[in-house]
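Colleague: What follows is the residue order along each chain.
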Amino acid sequence: MRDLKIAKTDWAKGVEKLFGPYRVFGPKKEGLFHNFARLEKGEAPDFSCKNTRLSAKGLIYPQTEKMFEYTLDPNKPDHHVHKEPVKDYSPMAVLGIRPCDAKAFTLVKLNFDTPEYKDPYWIKNYAAATFVGLACDAPCHACFCTSAGTGPYDTAGLDVLLADAGDFFLAKVLTEKGEKLVAAAGWAGAGDAGAFEAKAKAAGDKVVSKVNTAKLAGKVTNDLHAAPFWEDLAFACINCGTCTYLCPTCWCFDIQDEVCGTEGCRLKNWDSCMYPLFTMHGTGHNPRGEKAQRVRQRFMHKLKYFVDKYGAGIHCVGCGRCVTACPVNIDIRRVAEIMNGYEPGKDCAV
Amino acid sequence: MQNPYFPYPVRIDEVITETEDKNLKTFKFVFLDPGDEKKFAYTPGQFGELSVTGKGEIPIGIASSPTEKGFVKFTVNKVGVVSTALHNMVPGDIMGIRGPMGNWYPWERMRGKNIVIVGGGFAFTTLRSSIVWLLDPANRKNYGDIHVIYGARSPGMLLYRDELMEWERRDDIHMHITVDRADTPDWKYNVGFVPAVTEAKAPPGDADTFAIVCGPPIMIKFTQPVLDKLGYSHDQIIMSLENRMKCGIGMCGRCNIGMEFVCKDGPVFTLNQLKKTPREY
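Protein chains in written order, with the working numbering: chain A, 1 to 350; chain B, 1 to 281.
Just chain A, with the same shape it has in the complex (with noise of 0.2 Å):
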């Protein structure tokens, strides 16, 4: 690890160079919304926003991604057999990540690359992407990062970290893949780890929202799945969705089939927890068919069940985004608090 100082306009220049090796990577104001985009030769990512409204995952796992590709063609080769189609797995910069995000791949690899089965869509895609992290001196409103495991200078899941110094960047440089990077834009300047150290400081301090979750690990699984307050929490939810769409560590997929004429893929989707179909058997019977049933699944798995399989902590970078977006203000700092505390025989506050 290192520390660089890159004046901002040697910083322009910087990614300039980038474009060639990478295929570059940013928050691009779309709408009224910033998300991430890839980036055209000309075109500096907007650090502008507090944060991008979708998170980024769906840079390493797109909301539609293609497995295979087939021809039901008879009279073709290989007919009925699926193929995997050639894509493109060279270098990514990401540029102006924040920490939440950064932190949430590594809690989402968790998932896709096990010691049993490897996704190997994500894990290329992954592989292929050195992640400039911008880290967070102003934070959301709805943020509770520093409770989530991680916060707004986190380096966790980052190749090179950058702190906004006013006419300059204060950035460490963290892994091999950052150092690669920092070295094809050509920042090389010194930098200072006390002021980087002292913003560090000024920053977590900022994030006032604090969750408590040490007690969710001590928890019996069925106490809070037979809990009594999963019908409140979950009263006012219209099961849109937009919680598991908007947030970096959800994972879920479906895989469906798509054909025109003779060809045809398979294709990986985002999917939601929060949809009957989810879980609808073929029968017609569904272990979740209630709303309450799903709402308590996805608070189960984000600070229960996760929790337990891998003792990494919850399920949750703390971004803050479902907090800001749900229609019911469905707020899941409030539900890890009922669940942490929740005591069974007790009364608990909902």
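For the record, the hints were derived by calculation from the structure and aren't laboratory data. By construction, the Cβ of each residue, glycine as well, lies at the ideal position given by its N, Cα and C atoms. Mixed in with the good hints there might be a few duds.
[As the list claims (entries may be wrong)] Simulated DEER-style distance windows between Cβ atoms:
1) A/Val86 <-> B/Ala41: 26 to 36 Å
2) A/Pro74 <-> B/Val81: 48 to 58 Å
3) A/Ala127 <-> B/Asp36: 20 to 30 Å
4) A/Ala226 <-> B/Val90: 48 to 58 Å
5) A/Asn222 <-> B/Arg170: 42 to 52 Å
6) B/Gly231 <-> A/Asp223: 24 to 34 Å
7) A/Thr221 <-> B/Asp206: 25 to 35 Å
8) A/His79 <-> B/Lys38: 43 to 53 Å
Given the coordinates of chain A, work out where chain B should sit on it, guided by the hints.
Modeller: Quick look at chain B alone, frame taken from chain A:
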């Protein structure tokens, strides 16, 4: 990197209509690349994803036994888009299979023990795999008494009828076939629901006896109290679950019962294990 989503290409070798309502067919598949058959090495109790190119995939228990070489067999009930498309396919058609997936019945743990197999309806597929495997001379000597209680709505709805009759004639397996109602006067086996026949015919539970239960939810619900009454410990009641699945490898997130995935951590669980989960199946 091996792609766990890639279906091994197979050719349909034979299609057998199993039941009088024609809703259950057994498909015999041959791998296009014989090397894939070795990669598909399985143990009774596991399942595979049948991949109908252009339609999608369905998770189905493997009905053939590892002792049967050169093919794999699956029995499929016609319910949805993929199974309906599959039912319309004919020998020679090309499709795919992924797997084998999930865990299997605890054959090592049950070594030297008596086994009571309780099955109902079309959930008998992995139980057929198990019985064929158990009756193989190489395996039969490793297990004690074997009882099979298998029920269907009517004689015409029983799967694998020829084999059932063959097993009836053997003396190294105790068959207790039953139907909810016998519509032919020459029916010479049991009449009654599976739980009642289990109560009447199954040996009492003890340290040396395991029960494997696989069937529709209603059968499982009413069989469990019978097994309790017979003295089976919940650690020796083995159950095989079903849930909606897509990936089959514990990634897509829908088949979980608590932190366990039915596809990867199951489908086989002891009743004791299940009692610790929210049992969302």
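Colleague: Honestly, do B/Gly231 and A/Asp223 meet the 24 to 34 Å range at C-beta?
Modeller: 29 Å, holds
Colleague: When you take the CB atoms of A/His79 and B/Lys38, is the distance between them in 43 to 53 Å?
Modeller: Violated, since A/His79 and B/Lys38 (Cβ atoms, about 25 Å apart) do not stay within the stated range.
Colleague: Is it true that the C-beta distance of A/Ala127 to B/Asp36 lies inside 20 to 30 Å, as the hint says?
Modeller: The hinted range 20 to 30 Å holds for A/Ala127 and B/Asp36, with Cβ atoms some 27 Å apart.
Colleague: Verify the CB-CB distance for A/Asn222 and B/Arg170 against the hinted window 42 to 52 Å.
Modeller: Once the Cβ atoms are compared, 43 Å apart, the range 42 to 52 Å for B/Arg170 and A/Asn222 holds.
Colleague: Range hint 25 to 35 Å: satisfied by the CB atoms of A/Thr221 and B/Asp206?
Modeller: Given a distance of about 31 Å, which is inside 25 to 35 Å, the answer is holds.
Colleague: How does the Cβ-Cβ distance of A/Pro74 and B/Val81 compare with 48 to 58 Å: does it lie in that range?
Modeller: At roughly 21 Å between Cβ atoms, B/Val81 and A/Pro74 fall outside 48 to 58 Å, so the hint is violated.
Colleague: Does the Cβ pair A/Ala226, B/Val90 satisfy 48 to 58 Å?
Modeller: 50 Å, holds
Colleague: Starting from the hint 26 to 36 Å, judge whether the C-beta atoms of A/Val86 and B/Ala41 obey it.
Modeller: 31 Å, holds
Of the numbered hints given earlier, the model fails hints 2 and 8; all others are met.
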